[in-house]
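4 protein chains.
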Amino acid sequence: MQDILERLNAGEVVVGDGGMVLQLERRGYVKAGHWTPEAAVQHPEAVHQLHREFLRAGADVLQTFTFYCSEDKLELSGNVTDITGAEINEAACDLAREKWLKGSALVAGCVSQTPCYLGNHNEAEVKSLFKKQMDEFLKKDIDFFIAEFFQYVEEAAWAVEVLKTSGKTVGATMCISPHGDMSGLPPGDCAVRLVKAGADIVGVNCHLDPTACIQTVNGYMGLPEFPFVVLLSSLSLICRSLTRWDVHKYAREAYEAGIRYIGGCCGFEAYHIRAISEELRAERGFLPPASEKHGLWGAALEMHTKPWVRARAHREYWESLLPASGRPKCPSMATPEYE
Amino acid sequence: MQDILERLNAGEVVVGDGGMVLQLERRGYVKAGHWTPEAAVQHPEAVHQLHREFLRAGADVLQTFTFYCSEDKLELSGNVTDITGAEINEAACDLAREKWLKGSALVAGCVSQTPCYLGNHNEAEVKSLFKKQMDEFLKKDIDFFIAEFFQYVEEAAWAVEVLKTSGKTVGATMCISPHGDMSGLPPGDCAVRLVKAGADIVGVNCHLDPTACIQTVNGYMGLPEFPFVVLLSSLSLICRSLTRWDVHKYAREAYEAGIRYIGGCCGFEAYHIRAISEELRAERGFLPPASEKHGLWGAALEMHTKPWVRARAHREYWESLLPASGRPKCPSMATPEYE
Amino acid sequence: MQDILERLNAGEVVVGDGGMVLQLERRGYVKAGHWTPEAAVQHPEAVHQLHREFLRAGADVLQTFTFYCSEDKLELSGNVTDITGAEINEAACDLAREKWLKGSALVAGCVSQTPCYLGNHNEAEVKSLFKKQMDEFLKKDIDFFIAEFFQYVEEAAWAVEVLKTSGKTVGATMCISPHGDMSGLPPGDCAVRLVKAGADIVGVNCHLDPTACIQTVNGYMGLPEFPFVVLLSSLSLICRSLTRWDVHKYAREAYEAGIRYIGGCCGFEAYHIRAISEELRAERGFLPPASEKHGLWGAALEMHTKPWVRARAHREYWESLLPASGRPKCPSMATPEYE
Amino acid sequence: MQDILERLNAGEVVVGDGGMVLQLERRGYVKAGHWTPEAAVQHPEAVHQLHREFLRAGADVLQTFTFYCSEDKLELSGNVTDITGAEINEAACDLAREKWLKGSALVAGCVSQTPCYLGNHNEAEVKSLFKKQMDEFLKKDIDFFIAEFFQYVEEAAWAVEVLKTSGKTVGATMCISPHGDMSGLPPGDCAVRLVKAGADIVGVNCHLDPTACIQTVNGYMGLPEFPFVVLLSSLSLICRSLTRWDVHKYAREAYEAGIRYIGGCCGFEAYHIRAISEELRAERGFLPPASEKHGLWGAALEMHTKPWVRARAHREYWESLLPASGRPKCPSMATPEYE
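Line by line, the protein sequences give chains Y, D, P and R.
full-length UniProt numbering numbers the first residue of the first sequence as 1 and each following residue consecutively.
full-length UniProt numbering numbers the first residue of the second sequence as 1 and each following residue consecutively.
full-length UniProt numbering numbers the first residue of the third sequence as 1 and each following residue consecutively.
full-length UniProt numbering numbers the first residue of the fourth sequence as 1 and each following residue consecutively.
Hints were generated in silico from the structure; no laboratory data involved.
No incorrect hints appear here.
Copies of the same chain look alike in the list, so a pair counts if it works inside one copy or between any two.
Each computed BS3-like pair below joins lysine-lysine, with the alpha-carbon atoms no more than 25 Å apart:
(1) Lys196 / Lys168
(2) Lys249 / Lys329
(3) Lys139 / Lys164
(4) Lys306 / Lys329
(5) Lys127 / Lys164
(6) Lys139 / Lys127
Sequences and hints are given; from them, build the entire structure.
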């Protein structure tokens, strides 16, 4: 198994994993509102199982379950009193490792935005938080770093600068819209800033539906400075979820936009990652293990006893499906409260 | 831990588990269209983890992962060539047992409708399929039986008659609408037939949203013949899922309708079962373990940095929420193809 | 021009007119909330023009613009201080007559439910209100009577009993649902009661969408006592209107259900009545005058400059159209406040 | 009654009229797809009545019913064989005159885009079509000119240049989006071009919902060259109509954006124009005649027999109403076919 950059340089399509905190919240192991990853220590078997599902669905990279695992965030949340960040970060590295998982994937050590940055914008303090996490990861065997879920490019750039001191490959993904980051810097400028800070791979993640993600990434793609873009889309809202058929379309569009590292974020479950793997099976040359339990485009419906169900066993049916909400008393679009 | 009937007789509210085949399909272990449970042998850790989630969410009963595990159905599906039904049924009993799960719940051995019934309506043949499954369960340590997911009351009654020969408590739940079963028999008549066949507990499951489930059960409740009703609601369709707040409402309505065994079916995940447990915490006297990772009614949002998110940390907000589909080009209701 | 009963007996399809009070409210001549018809005196040219539109659209019967024109209702509304009911009723008869309209249609003198009935249920008093209106109509030249918009069958039957004393044909339409009238009497029983009171034609009008109207009328149709049924559908709510294509479907379904007097109620405009006439052009043997300004099924789009508009010039396009609301932040169904 | 420019210069709010061709199509006098105004000759009483409704609703300006009345368009439509454009234009001027209408309003002679422009872009030919119409209007007594419904600014500017030779005031409104006209010229540039051609008043009309109209006009407003802006919004699509409450909001927003000539386009009926008049009653100092038949904000519901209807008799209820479509099987947004 080669290095992530070698693989991307060789033209390989790299499939990422899905959203861990949101899924583990639904399973009962993460507290919504806090979103901290202490389950890596408290319930390792639950974290372990979710890694295994993403691996089975075709993920080439597993991200450590270390979202919001900076010391300041853990302290602020107040729901982790007897476990240190170091314990979580180290346990999470072990959980993502292949020896547990009976499969092989690269492991990316992940850091994310800190409350400290919003509080005081103190570069030294924020960087020391990232440095501490990086050192903990380096005690374990991780393959590269990802700085993810940053709303301000300045903080993301600081994270990249710290992580680059490790000598390892560093990717950085921001949760920004086509209008730019929270400071108003357009996507293209954010990307340039991250590359200048040392990022080898840049991308977007979360807060956006796939179409908006790809539109945002287009702001990245026009620039010559960076070779690789990662796309991690989100579908996390209540009662809103992408179908596997939506993800086929998303994976194809991302591929056609030139993106070669494609994964998911909040709301992506194993069947979404499998859909990426299945859509790009020709380009990748293989199907993931989980496809043994999946008829492509509903093929397993061909033997249904009811003719109108058998009629669904083909791609055209699912591609043209307009899924109903089942909620006629609800709107189809909400008004964002911050508008 | 008492017997299920003792607990119901004592007035206890019994919480069931959620939907296993649908959830394990999403995780990559069950094939949609076939819906057979060979993962109990092939991927026991995945089945085991899902049991653990439901247990942690407050389930008092775990159903064995043996849906559609009659020999005729396994053979018809064609995707289980080297594993016998006996192997699956026996493995599934072990997986639902508490020694694995570090918790305690009653284990219900489950049988479901057979292709054989639809094919030839041969009572002896259908009953021998149920008898074989029952004997496999009885090699293991299960607490009682559930016959579930029957569309015809005749077949359900045959299953009950077989299972009662074990001497154990038998529950039976049908997937029927307020209009009755597929032969047109109204819910109340179905219930009488099941009770006459020997069922100790009767109920409905699947194919219906909660409101319709409760309406159907009302067809059961008016009759004096049977003491206990189980309610297993479903929310399985693409892009349609109940919110945890919907489930609070559903659990309360079911309780007020006099139902004392309340669980979920296809689409119910751990957070739905937890919502049942949380809604009925006063009646049951305790919260489930998973509630340590859940602020009731969004309480964990109270410390959010953004004021409009903090404003959501109360019950009124979530109860009055009309979740948007995010799909303005889709309808809110679909036209059933069989109409 | 024959009598209405002769025409119906001869198998003719009789087309009714549309909704006058609602349309004249939009045009500025009727006060919403009161819905009284003083415009017959105050703005005869506006009433006259609307009659002319319905006539031109194919109406065989024009109803006098005398909705809610009982003395008690006029007094209660308080917005008609210097005009008597007699003046309105008489003016309305003239306005519906063909000498003004340059066309020919039967004129039906109309009475509707009274506040008096709800107030005291005094048969003598309610009947005297209907008697007074009837006498005013009989001073003018009307062809037959319609008692319309009754929520209680008892009051409708009283109206029929009074109107029958004139020796003229009497029709009666109630605004009831498939569940029956406001006293809970099922549609079929309402119809029998009306026929026993002397009604020659019975029907339903208003408060219902076309599908529910036809479903309600089915409650009427099974009975042998009455030969003729009139169907007046409604589409009056804010932002809800039937398309002309919906009305094609409605007219066909009504015809196939055996109904031979088909019109509209609140919300039906001239183009809806024209759609009834156009759908039933083969059965009636002619098109109405207004069809000179209408390409059937969008035929006039055939010469549009844009190809995607030309592609709409055929029946299949319009029949399969699912019209969007354009309001993604609104629900598709509302919750009735009286539930 | 002063000149339109004197009134606007004096700070008066001028209310326009609504959409004539669309409304007369519904009434049976205009052919959809052709949209030509031969009804001015064929059915003057219908045109006359609609003018009267707009006047009664508070319109200060009535536009002649001469949409698409250039000779080339009339010939192309093929549905006007025995009537000349001159006959229509002259009849239309008479119909909009106050002597018929028993009220007073300014009369604007209107020209609109020509098929000739799209066909050959021949300036001399297109201008001669406008010149012919202008000369016909000048035989009658009109107050000023409006060039309306132009998709290309070049053709609109040609129309203005011709009309200015009359010495009369000229307004020009284009049906363009915030992205500009069909040639891609932004709204502000379109406006400058029109003003340079001699337009005294510029504006937008049709093809847009009110919010987009105001957004487009903002592209006009920033420029110093022109003093007056007219806003004619549209709501013409099947099953989409603005409520009177939507129009209150639209009128207020237009007023606050500095617009002082506010009317409607396709789909605006008398009750929409009345809503403009009612919203701006304080600014204008009076209510229109049609308000005698309208309780502001549902005031007439105060005396309804049902309490939940009485509860609607206030502004807050109607302002917060989210009108349901009543069509759960339809989407809320459509996909434009030309995308």
